[in-house]
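Undergrad: The primary structure of each chain is shown beneath.
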Amino acid sequence: MLIKISSINVSYGPVKALKGVSLEAASGEIITLIGSNGSGKSTTLMTVSGILRPDSGDVIFDGFSIAGLPAHKIVDMGISQVPEGRRIFSGMTLHENLLMGGFSADASALKQRLEKVYELFPVFKERRLQLGGTLSGGEQQMLAIARALMSGPRLLLLDEPSLGLSPVMAQKIFKVIKEINSEGVTVLLVEQNAMAALSLCTRGYVLEGGRVKLYGPGRDLINNDDVRKAYLGE
Amino acid sequence: MSGTGSIISRVRHNQFSKTFFISLWVSLLLLPFAGPRIAVIFFGVVFFFVLLVRLIKKTASAEPVSIISSRIRSMSGSIYSGRYSGFMLLIAAVASAAAPFALTSYYLDILIMACIYMLLALGLNVIVGYTGLLHLGFAGSYAIGAYTYALLNTHFGINFWLCLPVSALASSAAGLLLAIPALRLRGDYLAIVTLGFGEIIRIVLNNWDSVTKGPNGISGIAAPSIAGISLGNLHLYYYVVLAIILIALFVIKRVEVSRTGRAWMAIREDEIAASSMGINITRYKIYAFVFGSLWAGVAGQLFAAKMQFVSPESFTFMESVFILCMVILGGLGNTYGVLFGAFIIAIMPEALRGIDSYRMLIVGIGLVALMIFRPQGITGGARRCR
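Residue numbers (my numbering), protein chains in the order written: chain B, 1 to 234; chain L, 1001 to 1386.
Watch out, some of these pointers could steer you wrong.
[Claimed, not checked] Far from chain L by the CB rule (all over 10 Å, computed), these chain B residues:
id : residue
1  : 65
2  : 100
3  : 113
[To be verified] Pair ranges (Cβ atoms, derived):
id : chain 1 : residue 1 : chain 2 : residue 2 : range
4  : L       : 1215      : B       : 12        : 48 to 56 Å
5  : L       : 1098      : B       : 77        : 54 to 62 Å
6  : L       : 1258      : B       : 12        : 57 to 65 Å
7  : L       : 1309      : B       : 64        : 57 to 65 Å
8  : L       : 1220      : B       : 12        : 35 to 43 Å
Quick caveat, the hints were computed from the structure, so don't treat them as lab data. Everything numeric in this text was worked out from a predicted model, so none of it was measured. Even for Gly, the Cβ is constructed at its ideal location relative to N, Cα and C.
Could you put together the complete structure from these sequences and hints?
TA: Set out below in structure tokens:
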């Protein structure tokens, strides 16, 4: 297992957001977390990326416990997060945004990754001097993903990448995620668009009220009656 | 945008009333001080100029330049970048090198003070401009530099050059002490804590009679000298200050484009995103406080050596605000802009001495007008457009 989260409890002050969530991902998988608002999807991601600290439980990445480590150390270990709402550096150029993504990388690795990212997103190469804030929502999301790839992650955390995007753009984003995954990056994806996410993933987890309610291969979840009723609108 | 005709009509529709109200506001502000006649004249003059400026701006932006390239140009810098940068630099270099020969000692005195303020503004710009941490107690760091030199020099006779790194370090250390509690705070709360820091320093200096001689201040501070030749003479001292500014500028510019500089800007733009990029936010904020305060220490020592006297009243809260104004006026995060802003604000009270009682009013109006028309500062802050 590349990452193994074992019964973590996370709270925001007195509010318990996660009540013993466990999940795991093998190398090369796409894992999807779905669930309604407030079910703890984003909280799970933020705990993995080190922005939040679990009260108890453990997160094991590649054999090391990373629960409670500061975010910047976790990035160095090979986990990169695309935060919810994109959060690109709007006053910096596209190129500078990418450089920021590779903040901890040395010069040669940086150059290599830049080339790779420009290969994956050819449109960025010609627009590298454009300010991040002048991009459209979809492009910003692409940039946020590209930026996250700049740290050379083994595990990519994506928090609602299709948020606020047109269906066409969302499809493009999912395609990109698939492409990134096919190059060996494990993906942990949080999505509201349950149908798209479940058909993309190898396995999915359904969260409800801070607990894992269901999990299994994406296909099975799509065909599960409860899931269909609650998240696929049938 | 199409032709000039439509531009002018646009200006009429959109800008006319706005211009009118701005002029009205300025003249109403003047009314109680200057009487109705001058207020009316002012109304006319301000109205005319504001309209003119707005027209020029509109026409200029209608030039058939590609939007992106013009945007990049206006973002990536200022009047200092691009084709004219070499030329501008040359003029600045010649002008600043020749200044002592052309100026009387009165103006030279003002110029030296302006240079000290430039150094302060450069330092504060690291904290406020690059990293986006609002610091309202920068005069505290400035005071520490000044008093370090004043005390070490008068008690132990340590000379200027030996003491310079000590003052810088003392200020940096104070910056570090301030950074530790301040790191947990943001925005308004940080502003209050830094304000408290500045006041604490001033009050300690004011009350610690046995060491600082309280409000009486410390006098008889030595000017720097090289090989037995005193540089206390204004002409020579000016070159000392100038040299130190150039060094500061060089160092700060290098740091700005370094990895550390990029980390600061990322923190300014978005802290959460910055930390998910692998930036140790705590560490880089501390760096900003320490590195920014360092220059305040140097400026403080330069001030003490110039005045040969220090007292707490030179380091009030107003002084902190003054330095902050320079940074904001010049353009947050734009190194050259900040120098320019510091220069303007530092000389303004003296330059306007002719109109005596109105001068602070004019300075105030100028600041307000600037914030209305160019909220990003004269040179349009570094890349920041939100």
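Undergrad: In terms of Cβ atoms, is chain L entirely out of 10 Å range of residue 113 of chain B?
TA: 13 Å, holds
Undergrad: Per the hint of 35 to 43 Å, is the separation of the Cβ atoms of residue 1220 of chain L and residue 12 of chain B within bounds?
TA: 59 Å, violated
Undergrad: Does the Cβ-Cβ separation between residue 1215 of chain L and residue 12 of chain B fall within 48 to 56 Å?
TA: 50 Å, holds
Undergrad: Mind checking the hinted window 57 to 65 Å against the Cβ distance between residue 1258 of chain L and residue 12 of chain B?
TA: With a Cβ separation near 37 Å, residue 1258 of chain L and residue 12 of chain B fall outside 57 to 65 Å, so the hint is violated.
Undergrad: Okay, residue 1309 of chain L versus residue 64 of chain B on CB: inside 57 to 65 Å?
TA: Given a distance of about 60 Å, which is inside 57 to 65 Å, the answer is holds.
Undergrad: Beyond 10 Å from every Cβ of chain L: is that where the Cβ of residue 65 of chain B lies?
TA: 19 Å, holds
Undergrad: Okay, residue 1098 of chain L versus residue 77 of chain B on CB: inside 54 to 62 Å?
TA: For residue 77 of chain B against residue 1098 of chain L, whose Cβ atoms are near 57 Å apart, the range 54 to 62 Å holds.
Undergrad: Residue 100 of chain B clear of chain L by more than 10 Å, beta carbon to beta carbon?
TA: 5 Å, violated
In terms of the numbered hints stated before, the structure departs from hints 2, 6, 8, listed from lowest to highest.
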